[in-house]
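Sequence lines, in order, name chains A and B. For the first sequence, position 18 (counting from the first letter as 1) is numbered 18 according to our numbering, and the numbering increases by one without interruption. Start counting at 1 in the second sequence, then tack on 117, and there's your number in our numbering.
Heads up, a few of these hints could be off.
[As the list claims (entries may be wrong)] With a straight-line cut-off of 30 Å between C-alpha atoms, the simulated DSSO-like cross-links for lysine-lysine are:
hint: 1; chain 1: B; residue 1: K131; chain 2: A; residue 2: K109
hint: 2; chain 1: A; residue 1: K16; chain 2: A; residue 2: K109
hint: 3; chain 1: B; residue 1: K126; chain 2: A; residue 2: K16
Think of the hints as simulated: they come from the structure by calculation, not from any bench.
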Amino acid sequence: AQKVTQAQTEISVVEKEDVTLDCVYETRDTTYYLFWYKQPPSGELVFLIRRNSFDEQNEISGRYSWNFQKSTSSFNFTITASQVVDSAVYFCALSGYSGGGADGLTFGKGTHLIIQP
Amino acid sequence: NAGVTQTPKFQVLKTGQSMTLQCAQDMNHEYMSWYRQDPGMGLRLIHYSVGAGITDQGEVPNGYNVSRSTTEDFPLRLLSAAPSQTSVYFCASSWTGGQNEQYFGPGTRLTVT
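Based on the sequences and whatever the hints tell you, model everything.
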C-alpha cells in the first residue's frame, strides 16, 4: 500500500520568509511519480510539479524549489521569499506504476500555509 | 478548450435520494477519475477509468457507481445518499493514468442531510 505523510498540518509565516513543506512517502514500487498540487482559497487544484523516481535532481522554478531524496523517501517543497498569494493548502501526492499505468494518486492530508503580511 | 467541467457546483440531498454528478473533458484524455475531499483527509480516489467501457474501484468506492460510455464523460452516481457522503467531489483526467499530470475540474460541493 502507498502512503503519503505531510506532518505539518498548518504553517504560518510572515511575508518574505522562506518556508519548507515536508512530504514523506511510502511505496513498494520501484517506479513511481511524485506530485505537488496547490489548492488556493478558491478551491481549485493547481498542478505544481511532477517527478519520477529515477530523477533525483532538485528543481527550481522561480521562488519554488523541490528537494527529492530517495534515501529518506522525501519530496520537500520550499518557497523562497514567500508572498501572501502563496497562502493555500498544498498537497503532496504519489502514483505507483505497476505496468498498467492505471494507478491513481495517493494524496497526503495537506499543509495549510498561511502567509501573513 | 474548456478542460474538465463538473456539474452541479453545489448540491443538497436528503438521505436516501439519488443523484448523478457530471464530469466531462474535451482534451481526449483516456484516463478519468473521481476523488472526494474531506476536511483534514486530503483527496481519496473513488473510481477511475482507463478508457471508454473500462472502470475500476479506487480506495473508497462504496456507495458510488460509475460508467464510461464515451471518452469525454465520466458520471458518478450516488444511488442512496448518506450523510457520510457529504464532501467535495473532484473529477480529474489525464492522458494515460496516475503517472501523468492530472487536470482537475472545479469540484462539486455535496451536502447530504
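Hints versus structure:
1. The suggested pairing of B/K131 with A/K109 holds, with an alpha-carbon distance near 28 Å, which does not exceed 30 Å.
2. Distance hint between A/K16 and A/K109 is fulfilled; the C-alpha atoms sit about 25 Å from each other, no more than 30 Å.
3. A distance of roughly 35 Å separates the Cα atoms of B/K126 and A/K16; the hinted pair therefore is violated under the 30 Å criterion.
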